[in-house]
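Number of protein chains: 2
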Amino acid sequence: MKELNKYLQSHSSSEMHPAEIAKILKGLNDKDFSEAIKLVPKDLVGDVALALPDRYFDDVVENFNAEELSHAVSELESDDQLEFMQELEDVDEDKASEVFHKLDAEDKHEIAKLKKYDEDQAGAYMQLEVFTAKEDEIVQDVIKRFARLRKENELENVQNLFIVDSNNRLLYTVGLDDLLIFDFSKTIKENIEQSEESFEPKSARDTEDIKEVVNYFKEYDLSVMPVVNDEGILVGRITSDDIYDIINEHATEQMYNLAGVDDEAEEDEDVLKATKKRATWLGINLLTAIAASLVIGLFSETINSMVALAVLMPIVASMGGNAGTQSLTVVVRQLALGEISQTDAFRTIKKEVVISLMNGLLFAVVMGIIAWLWFHIPMLGVVIGLSMIINLLMAGFFGAMIPLLLKILGIDPAIGSTVILTTVTDVVGFFSFLALAKYILL
Amino acid sequence: MKELNKYLQSHSSSEMHPAEIAKILKGLNDKDFSEAIKLVPKDLVGDVALALPDRYFDDVVENFNAEELSHAVSELESDDQLEFMQELEDVDEDKASEVFHKLDAEDKHEIAKLKKYDEDQAGAYMQLEVFTAKEDEIVQDVIKRFARLRKENELENVQNLFIVDSNNRLLYTVGLDDLLIFDFSKTIKENIEQSEESFEPKSARDTEDIKEVVNYFKEYDLSVMPVVNDEGILVGRITSDDIYDIINEHATEQMYNLAGVDDEAEEDEDVLKATKKRATWLGINLLTAIAASLVIGLFSETINSMVALAVLMPIVASMGGNAGTQSLTVVVRQLALGEISQTDAFRTIKKEVVISLMNGLLFAVVMGIIAWLWFHIPMLGVVIGLSMIINLLMAGFFGAMIPLLLKILGIDPAIGSTVILTTVTDVVGFFSFLALAKYILL
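In the order they appear, the protein sequences are chains A and B.
Letter by letter, the first sequence follows residues 704 to 1145 in this note's numbering.
Letter by letter, the second sequence follows residues 704 to 1145 in this note's numbering.
Among the hints, a few may not be true.
Stated by the list, open to error - Keeping only pairs whose Cα atoms sit at most 30 Å apart, straight-line, the calculated DSBU-like set for lysine-lysine is: (1) Lys976/B to Lys729/A; (2) Lys914/B to Lys709/A; (3) Lys745/A to Lys709/A; (4) Lys847/B to Lys854/A; (5) Lys1053/B to Lys734/A.
Claimed, not checked - Covered stretches of chain A (in silico footprint by chain B; criterion: 3 or more residues with CB under 8 Å from a CB of chain B, positions within the stretch not fixed): (6) 839 to 853; (7) 951 to 957; (8) 960 to 974; (9) 977 to 983; (10) 994 to 1001; (11) 1065 to 1079.
The set of hints was computed from the structure by calculation and includes no laboratory data.
We treat Cβ as the ideally placed atom computed from N, Cα and C, and that holds for glycine.
Please model the entire structure based on the sequences and the hints provided.
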């Protein structure tokens, strides 16, 4: 509380940054938070709400009425307006529609426009605010218009001037660094005439997969990209700060998918939702664990005649599961980063098989000796060693195969691959160990 | 090959993009690659080498002599020069020193300067090329200088003008969007006088942790940030394209650490290196698996008198491991994204315990019924149900505790946490199930 007051008093409103305010708010307990959030300048409430982790969102909105929230939304850029309204709908649908009705016509229209897009489409991430000019405008006039828009706070973070035709079709992109060295007394057309090609825009389609757009940003070192619709009409722009968030979100999604966790459910305040989603994956895991147990059940008699097998069998399964997870994680991640292409499939599988075979041989010897010394049965060492080699070999092969196959089938290689893999390593681990024991030892 | 020729012939050299060339090269087999790489315009070889995945690097450099490589390096920006030279050192130290000696004095000096920094320091990621001006310069003159530098290809991707004093100490940052609406006939000082605060630079220290710098970029929606040394002297800048790469690298590192894989070893062409690193984690896993087996060994007699226990015990361990991994992954990731702060520790643990307790109860009932029906022993259902609840509860608690504790100890929460967790869930799973069986069933 004190810290927030100090910050608010020592900064003029133009100097305050939502991220700083959010950082102070995050350190407060629930009671202080409710009081402190009311001190936040009304113009910044929207930005602060979005800068805080998702779970704070309902704490923010319950402290303001629809009128205040509507003002907060009107101060946001279009993509943030959409994000705010969507989070508000999740928390309180009635309040959301009340807030929406209080917005002015333009904001309503823009939010509706962005809402059309799916969350994997580029359009869902764009800002509608762009700085445009016509080819035949004189540079000086364009800059005057720019100065006016800047003063009215209509444009933030501008890095490019987009040149459009009379139908708003995107023709060229001019970086401000180029604009600065143009001849201001001439038209844009005259300025770019000699090197038109270098102003050709690298643009994204609004319906394009956002993952592709992120790849453009990375490969071409971009910090902003115009977005056009199917007629080539400029509809918005995506900026680097969107890309930071998307890269992080995709990585989170991938890690969560590998662990059998749903990213959207986890971000929600609702614990029951996360519990249900996790239960789904645990349920699938239960089925595969039962399958592995059925394999053990086939060898009840073998185990009955040598209890050492029951003691040792989880080691084989555990080592296979771990080695497989190593391969799987590397292949899933490299597929996502585009480091493995379709033509690399064979090379990838070979590499993973070689690595796991080498480690299989290493740990076969280590564990073989341990088992021999532990139970004083030399052949038990041979059995666990052989099954270790078999299981780690399978682990490497399937750790690479499963994600590659899912990718070819058009399924996200991170989803479900861990469960499939551990089914293989459990079944192969238990079966190879117990079957070898049955035929070699007994 | 044909595709590359077509691309090279249809584009003037100023239009060609290294990312496009890299994309075509990636699709080729080894033989075609060696021929095709020689067709790449000499000025672009450095950029193309860096745009390709790491494992192609030695294929690129072995096709050029030291003279050609030295030219390729001289065409790169300073941060890319360092990256190129470091990769070259990894591949061929002799060639690297030969290439280095052929560089001009300025390039040598810049590479040496950047090399001083650790890979977790901001300085290691910066470009040394910056566009600066003094306070008392007239804007018009600054722009003229800028135009000249642009023509000489000395400056790329400029978004800000950095204002420095006579000692090169950073005073202000002026975005090109602000510069564009300045009065060009006045000095910079006169232009910024009325709103000096808004030009105060948000800068990074060269020795600062790069993770902190990435957080600034995300929180403040930046696309470029100046870097200063301990005396406040401007030494370089970090741009959004560096941030994309760093965010991705950190996410990869985290995923790999959770799976017991070393990110640097995996990127290397050397399979033996990756195998060794993976073997280290598999070795640790073997020790914990043996610990779990020792627990099973304590109950040999119990298992001997009821083999159903050997069949069912892996299910309890497997469910615990999975539920624990769910909790662990969520906590590790949210810690990394700054969504969990120190004060949140208790809330986080409570949430994970509640979720796993609910799922524990659910799967206790499900598995209890299955075990009862499978082996026709009602109390066996009770035993597996109780141990399921105990193990999932521990899984949730330790899944949250382990990363939080590692974080407090200053250790990366992703490193080793999976192994510690599965040790807990294996030991608790086997022990609770077999001990309950011993006292309830026998």
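These are the hints, each one checked on the structure:
A hinted pair counts as satisfied when its Cα atoms are at most 30 Å apart, and Lys976/B with Lys729/A does not qualify at roughly 43 Å. About 27 Å separates the Cα atoms of Lys914/B and Lys709/A, which keeps this hinted pair within 30 Å; it holds. Of the pairs offered as hints, the one joining Lys745/A and Lys709/A holds, with about 17 Å between alpha carbons and a cut-off of 30 Å not exceeded. For the given pair, Lys847/B sits about 26 Å from Lys854/A by alpha-carbon distance, which is consistent with the 30 Å threshold.
The hinted pair formed by Lys1053/B and Lys734/A meets the criterion: a straight-line CA distance of about 19 Å does not exceed 30 Å. Coverage of the segment 839 to 853 of chain A by chain B holds [criterion: at least 3 residues with CB-CB distance below 8 Å; count 4]. Three residues within the 8 Å Cβ limit are the bar, and the segment 951 to 957 of chain A against chain B gives 4, so the coverage statement holds. For the segment 960 to 974 of chain A, the assignment as covered by chain B holds, since 6 residues bring a beta-carbon within under 8 Å of that chain's beta-carbons and 3 suffice.
For the segment 977 to 983 of chain A, the assignment as covered by chain B holds, since 4 residues bring a beta-carbon within under 8 Å of that chain's beta-carbons and 3 suffice. With a cut-off of 8 Å between beta carbons, the segment 994 to 1001 of chain A has 4 residues touching chain B; three or more are needed, and the interface restraint holds. With 5 residues having a beta carbon nearer than 8 Å to a beta carbon of chain B, the segment 1065 to 1079 of chain A meets the requirement of three or more and the stated coverage holds.
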